[in-house]
Amino acid sequence: MNEVLLRATDVTRRFGGLVAVDSVSLELQRGAVHAVIGTNGAGKSTLINILSGELAASGGRVELRGTDITGWPQARRARAGVGRSYQRTTIYPTFTVLENCRLAAQARHQRPWAWWADATACTVSVPAARDAAARAGLAQALDQSAGTLSHGQRRQLEIAMCLATAPEVLLLDEPLAGMGAEETERMLALLAELKAGHAIALVEHDMDAVFRIADRITVMVNGAVLASDTPEAVRRNPAVQAAYLGGHE
Amino acid sequence: MTPPRSGPRPSTPKIASVAIGALALALWPLVTGSFGVDLVTKTMIYAIVALSLELLVGATGLVCFGQAAFFGLAAYAAVRLSPEGAAASLLWLLPVAMGVGAGYALFMGALSLRTKGVYFIMVTLAFAQMAYYVVHDTPLGGGTDGIYLYVKPVVAIGSMLLLDLDKPLPLYYLVLGCLGATFIFLALLLRSRFGRALAGIHVNEQRMRATGFSTYPYKLAAFTISGAIAGLGGVLFAVKDGFVNPELLSWHFSGAVLIMIILGGLGHLRGAVIGAFAFALLQELFKSEAIFGAFAKHWLLGLGMAIIASVALLPRGLIGIGELLTHRLRRTPRVPV
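As you go down the protein sequences, you meet chains A and B in turn.
Note that this note's numbering gives residue 171 to position 171 of the first sequence, counting from 1, and the numbers run on in steps of one.
Note that this note's numbering gives residue 1076 to position 76 of the second sequence, counting from 1, and the numbers run on in steps of one.
These are calculated hints, taken from the structure and not from any lab test.
Even for Gly, the Cβ is constructed at its ideal location relative to N, Cα and C.
Be careful, since some hints might not be right.
[To be verified] If we take Cβ atoms under 10 angstroms as the criterion, some of the chain B residues that face chain A in the derived model are:
| # | residue |
| --- | --- |
| 1 | A1026 |
| 2 | S1192 |
| 3 | G1195 |
| 4 | G1200 |
| 5 | V1203 |
| 6 | N1204 |
| 7 | R1209 |
[To be verified] To give an idea of the chain B side of the interface with chain A (calculated C-beta under 7 angstroms), a few residues:
| # | residue |
| --- | --- |
| 8 | R1114 |
| 9 | K1116 |
| 10 | L1188 |
| 11 | L1189 |
| 12 | R1191 |
| 13 | F1194 |
| 14 | T1211 |
| 15 | F1213 |
| 16 | S1214 |
Isolated chain B (complex conformation):
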């Protein structure tokens, strides 16, 4: 895992790359059809969840294997709290459902942060599986069939409708706005005193305690914020699909998000976003019967091999490609990972 570095001030090329990416996403609906808009909307939601996990894994050094629980519970909360036959206002539904994700993260973190290393990973997985079985095996979650959101929420002030989320484009731009806000919030957070303390905890928690930091509240706060952000992704996912099922809380999804941030490059917010897009594109690529024919049925095999190759060849993730090429061209040694 790449430890955090000092110098939280972003460089001009970094800011430029983020601005270009944001512009490209803003213009994407103008050059694509409904499939492209739907795919990128889903991928941006994944990117939000990947950013939430990056706060824990890349910034704080907490390898959480339960991110799906925050995502899924918030998605279920959004559906359960929406009135049947009427549109809920996203202005209250979003913070309340995010609060459900944050609340479960607070509960999970309060207990799991007492453990370390592989035990921490296993305890977070166990808590996520607990949530999975609650929605899977009880009427609360509608069982394996899941539950439908018949009327999608709206963004309205009084009787004035601002965004109709039943339409793909308003939803696309809402998700893009949420991704941008999450990215900016985390970028500011990581360069603040709180973020620098998390970086110190990642590198040497013992030293942080000896210096005077009570590290547990910091980690718990990071956990709760991460849960809220994953919950934001969950709400958007429920609104997008109009349907939730227990698979949203499964360990497969926690694993997929972990793979996204590793693929993109740990320790970088941009890496989390790039990783989410790379993961979604690889998934679509290997599922394509036009390209892979009958082998497309075994898309998981192709995806897995591509990820293994990527991690083996790019230990810093996709974000490290630029640095790798620069050093190859200049024939200078790279700083070891």
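Looking at chain A on its own, in the form it has when it is part of the complex:
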């Protein structure tokens, strides 16, 4: 069995009377893609927000490499190795691709008191940024303004910014959203490559992609886990078929 990097146990989030995430437990292992699927409003993005620390859990526990991080703020979790991407692209459009990645890499090497030192000459963050951009397939676009990238390239940049922070856990919220067939293939190839060294949680609506790349799938309905198993077992699960897949074979 692979090393468990992130473990969520009975994680719950309430918004007033609404239970958006209801006692969800899952484990993210190094070298595996754990997909989280469900209809809109099932609580997938809320779950990612809880795991990344953007939202506080109303109950339950989140552990990173065995350490309880439930009370940690988002920035501390990110520095500890929990990277995330957003459903809506959240790049810095007025910066170049390199500067987007460099700023992300700077998070692990902040040194804010060194006010006299030029950030773009940093010997730590600049090589890390170049490496992350190259891994995400953006080596040719380093000096391009991020605002001029295509949608697919922006999603790649989102992943590159994640990688620049040197995370062990990647929480990816709909990385394939709005992509064409070619861009989807490129992103899936990238995720397959990243799988080796990371534990990946993948929230995605593209079922073909999910079943191709996921090692384990958790199905959520109304904030709760309906099923959590291998892709084959989930595909055959009658409850999942009835609730969500609609006969996807």
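Following the hints, position chain B against chain A.
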């Protein structure tokens, strides 16, 4: 608001324009009289305060409406801390009074940075008004009459007098030196890791947190530095006029500084300086009875109309004129604001 761009390395034309501006200011006293020296000394002090606000608004995206508090409190501190009947040394008075501005900024920022958007603007205004009423309504600030600085501070080492600030020219060059030092300090700061983090916070604070930056300490540090720089302006203003009154802390002054940086062009240090000079010159222009006759009594109306026209016609501020002309001549579209 123009978001910060990457590429903090300044280009040759930018450096050249700053050098020409600095040279022109250095030579100004040689070609003008006492009125001109006094006007530009005051304007350079405004430019220092405008630079302090540019760090918050243009670089970090924090629209602070309380800059007058840091300016005014430091000015009051400089007067209150100066011994009566003897000249204080600026070498200790300046950092201590700047510390008062920075201290109040730290206090204001620690609480106001918990809010966002229009609430942040209102909370900073409220804190500035608190400071205003403390100096306005208590003996500490001398009430509406204000207080006088009877003996101006000196720059001296031991018994050797380096600068006599009672004379206009030494004061002029001291203020010019402070403006230059502030500009260079902020230019370096904005291209450092700290400055790039502020730029990231301006563009997308949520993303910065997700990347691993605790954004609150960064914003608080920017706030405190801004308070110290505004305090520098306050001390110089007190030394120049030899008098402080509560109007230095009024919201009118906070608004005027905000107008200066908008007029000049947000997101540029040069814009803040240009905006301060444009504001001061427009003020003098519309106050001139020689030009406007009886209408000069209504100079605020003329100033307001000129600023509205400027903002409407130049959304990037005065700093954007060059770019606008270049694109008009080449008939190429500009990048939208």
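Here is what the structure says about each hint:
Given hint, A1026/B at the interface with chain A, is violated; its Cβ is 25 angstroms from that chain's nearest Cβ, farther than 10 angstroms. Hint on S1192/B holds. Least Cβ distance to chain A is approximately 5 angstroms, under the 10 angstroms limit. Annotation: interface hint on G1195/B holds; nearest CB of chain A at approximately 7 angstroms, less than 10 angstroms. With a cut of 10 angstroms, the hint placing G1200/B at the interface with chain A holds, because the nearest CB-to-CB distance is about 5 angstroms.
At a threshold of 10 angstroms, the smallest CB-CB gap from V1203/B to chain A is about 5 angstroms, leaving the interface hint in force. For N1204/B, the interface hint holds, the least distance from its beta-carbon to any beta-carbon of chain A being 6 angstroms, beneath 10 angstroms. Hint status for R1209/B: holds, given a least beta-carbon distance of 5 angstroms to chain A, under 10 angstroms. A least Cβ separation of about 14 angstroms between R1114/B and chain A goes past the 7 angstroms threshold, and the interface hint is therefore violated.
Taking 7 angstroms as the C-beta cut-off, the interface hint given for K1116/B is violated, the closest approach to chain A being about 16 angstroms. Satisfaction of the interface hint for L1188/B is found here, the shortest Cβ-Cβ separation to chain A being roughly 6 angstroms, below the 7 angstroms cut-off. The interface hint given for L1189/B is met, as the beta carbon of that residue sits about 5 angstroms from the closest beta carbon of chain A, less than 7 angstroms. Hint status for R1191/B: holds, given a least beta-carbon distance of 5 angstroms to chain A, under 7 angstroms.
A least Cβ separation of about 4 angstroms between F1194/B and chain A falls short of the 7 angstroms threshold, and the interface hint therefore holds. At about 5 angstroms, the closest approach between the beta carbon of T1211/B and any beta carbon in chain A falls short of 7 angstroms, and the interface hint on this residue holds. Taking 7 angstroms as the C-beta contact cut-off toward chain A, the hint placing F1213/B at the interface holds, the least distance being around 6 angstroms. A hinted interface residue such as S1214/B counts as satisfied when its beta carbon comes closer than 7 angstroms to some beta carbon of chain A; here the least separation is about 4 angstroms, so the hint holds.
Taken one by one, the earlier hints fail for this structure at numbers 1, 8, 9, listed in ascending order.
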